[in-house]
Amino acid sequence: MTETVRPLETAAHPQGLRRVVIDPVSRVEGHGKVTLLLDEDNRIEQVRLHIVEFRGFEQFIVGRPYWEVPVLVQRLCGICPVSHHLAASKALDRVVGGWPVPEAADTIRRLMHYGQMVQSHALHFFHLASPDLLFGFDAEVAQRNIVGVAMAHPEAARQGVMLRKFGQEVIRITAGKRVHGTGSVPGGMNRAVDMAERDTLRAQLPEVLAWAEAAVDLAERLHTGLPPHLVGFADTPAAMLSLVGPGGAMEFYDGTLRLREADGRVAVDGFEDQRYRELIAEGVKPWTYMKFPYRLALGPDAGWYRVGPLARVQNCDFIATPRAEARRQAFVAAHGGQMVHAVLATHWARMIELLHGVEVVAQLLNDPAILGGPLLATGERQRSGVGIIEAPRGTLIHEYEVGDNDLVTSCNLIVSTTHNNQAMNEAVRSVALQYLDGHTITEPLLNHIEVAIRAYDPCLSCATHALGQMPLAVTLRNARGEVLDHVHRSSSGDTVRGTPAHSAEAAQG
Amino acid sequence: MSGPVAPLLVFGWGNPSRGDDALGPLLAEQLAERARWQLPAGRLECLTDFQLQVEHALDMVGRERVLFVDAALGLQTPFEVRNVVPAPGVSFTTHALAPEALLQVYRDLQRIEPPPCTLLAIRAQRFELGEAPGEQALADLALAVDWAMAWAGLTEEIPA
Chain A
1 MTETVRPLET
11 AAHPQGLRRV
21 VIDPVSRVEG
31 HGKVTLLLDE
41 DNRIEQVRLH
51 IVEFRGFEQF
61 IVGRPYWEVP
71 VLVQRLCGIC
81 PVSHHLAASK
91 ALDRVVGGWP
101 VPEAADTIRR
111 LMHYGQMVQS
121 HALHFFHLAS
131 PDLLFGFDAE
141 VAQRNIVGVA
151 MAHPEAARQG
161 VMLRKFGQEV
171 IRITAGKRVH
181 GTGSVPGGMN
191 RAVDMAERDT
201 LRAQLPEVLA
211 WAEAAVDLAE
221 RLHTGLPPHL
231 VGFADTPAAM
241 LSLVGPGGAM
251 EFYDGTLRLR
261 EADGRVAVDG
271 FEDQRYRELI
281 AEGVKPWTYM
291 KFPYRLALGP
301 DAGWYRVGPL
311 ARVQNCDFIA
321 TPRAEARRQA
331 FVAAHGGQMV
341 HAVLATHWAR
351 MIELLHGVEV
361 VAQLLNDPAI
371 LGGPLLATGE
381 RQRSGVGIIE
391 APRGTLIHEY
401 EVGDNDLVTS
411 CNLIVSTTHN
421 NQAMNEAVRS
431 VALQYLDGHT
441 ITEPLLNHIE
451 VAIRAYDPCL
461 SCATHALGQM
471 PLAVTLRNAR
481 GEVLDHVHRS
491 SSGDTVRGTP
501 AHSAEAAQG
Chain B
510 MSGPVAPLLV
520 FGWGNPSRGD
530 DALGPLLAEQ
540 LAERARWQLP
550 AGRLECLTDF
560 QLQVEHALDM
570 VGRERVLFVD
580 AALGLQTPFE
590 VRNVVPAPGV
600 SFTTHALAPE
610 ALLQVYRDLQ
620 RIEPPPCTLL
630 AIRAQRFELG
640 EAPGEQALAD
650 LALAVDWAMA
660 WAGLTEEIPA
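Each protein sequence line maps, in turn, to chains A and B.
With my numbering, the residue at position 26 of the first sequence is 26, and numbering never jumps.
With my numbering, the residue at position 133 of the second sequence is 642, and numbering never jumps.
Worth flagging that the hints you see were computed from the coordinates, not collected in a lab.
Do not rely on the hints blindly, as some may be mistaken.
Unchecked claim - Pairs of lysine to any residue residues, derived as SDA-like cross-links and limited to a Cα-Cα distance of at most 20 angstroms, are as follows:
1) A:Lys177 with B:Arg545
2) A:Lys177 with B:Gln539
3) A:Lys177 with B:Glu573
Keep in mind the model is a prediction, meaning the values are calculated, not measured.
Please work from the sequences and hints to get the whole structure.
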């Protein structure tokens, strides 16, 4: 693989440059950091976002019986376990010859998946994104979190928590448990939805729909109210990849792949998910463990793309639920019909998806198929299968090969954050050039970079954590690599100077 | 999502497939099993999750007491116990909440003070994917379970 070099990816003469590291330490599952190289005048020479994620996860799966996999993969990620549960199930449906699964199983899985979208989107918007939008990028650290939102905007915070809870309850009644659900199995489902539990959730729908509408209102209002200098924040034109359903409808659970160019032209459409390796490949770069997916037709330099809400809302031709479709049309109209690549628009798109998710949940809760019927399909065994799903953060690919002894012999996962690796790097570089170049680095300026990263909602958060970990650390080194200063924010929120720099910062350049 | 709740809540969090990170869920599961035989039905509820999240504030509604259980780095003793009070959190780069921040969310959402909450932090060292908890961690877990049983009224005395 030939290494490709993009502007600001690699400094021409890194020796003698000052290094600033933004290092959100998350212990094992996702370690992300940003390194900036600056010259004596604080001009940006190099910017890199490093994310270490899912390393070793494939090996965790290989050698396991295939029927364990849909449950096991939920332990890869504490944030979107249901997405892994269902993507693995879809891939292994092929292996057991159980694709398509029976109607009841398909309907229950969809219900579970859309519940996951609702709860994840609610968490991200109200917990992580809205503080930046409500209080501004320069707000005090202590305010930029859900607690700050709850204090200043209690009703919005309450609705965010209740939306999240509703989505979690949808997952529970379909997967069987709040966490580590076992409902989806290769070939279908092993349980249907209990009628009483369905009715409990159905009774909440009018209120939940109203909250979802209010969430879109809030996201739209915050976006259209952005100060002019933030409207184009981290504007990074990129092609867009996602699943779409029949007729180009927005689709999260199952469909064909569509790639739309940054200018809006559809480049690839109706591409069968089982053939994804003919469409994309994964490149590597020497400075990060995380791979860089790209379109095979364009190569690693020009073939990068974006996944996730901003891509999906613009990649589809329509949304098949009326409230969300009206909101999508408003989103398009607000941008004059032009493609939108400024990352803060992602939050608006995400809330449109949340509303769509609630609408679909409402439809599915009224579908008698979820209450029972044939749940499992079997057929001719296959050696391998691919499962692609639109997870909250974007396209998620699971691929497995299974031997005659039922053990997994090969596993490949491409998660949303990996798809967005280059897009996030480009966004960070855009922000660094626009806001940091030539300036003294301050905490609010560093937060601009985090805001750009957060818009993608990368899965830096780990499924494991313990008391005492550091949420964020910044290290300043001189041209000889000596640590001049190191600051970390403790888990209790205190900012502490003079602590030892994190070892991972020294290990990666 | 409504109806009577058990007055005692034990909430353990962590990833069961990441070595010592499983300690919180393991304690909750072991305590639930013992409570099933020794406590009146509906007295104690044990919940687990990967992480502490905002919606867990709603799990605390209507409780008399809450026990949080998590694995913890850097402890010199098998476990530590402390009271938890509401405080703003700053974990804005992660999806998870600290217990103090969760209580603050509870206070802001419910407009009342949260029930008395205790954090039981169990000593942990290893968090590699696919590992079982280490021997030391399991030994510490056993001691922590003894303490938690007393907290739940399953035994009479709090171990030293």
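* What hints, given by number in increasing order, does this structure fail? -> Violated: hint 3 alone.
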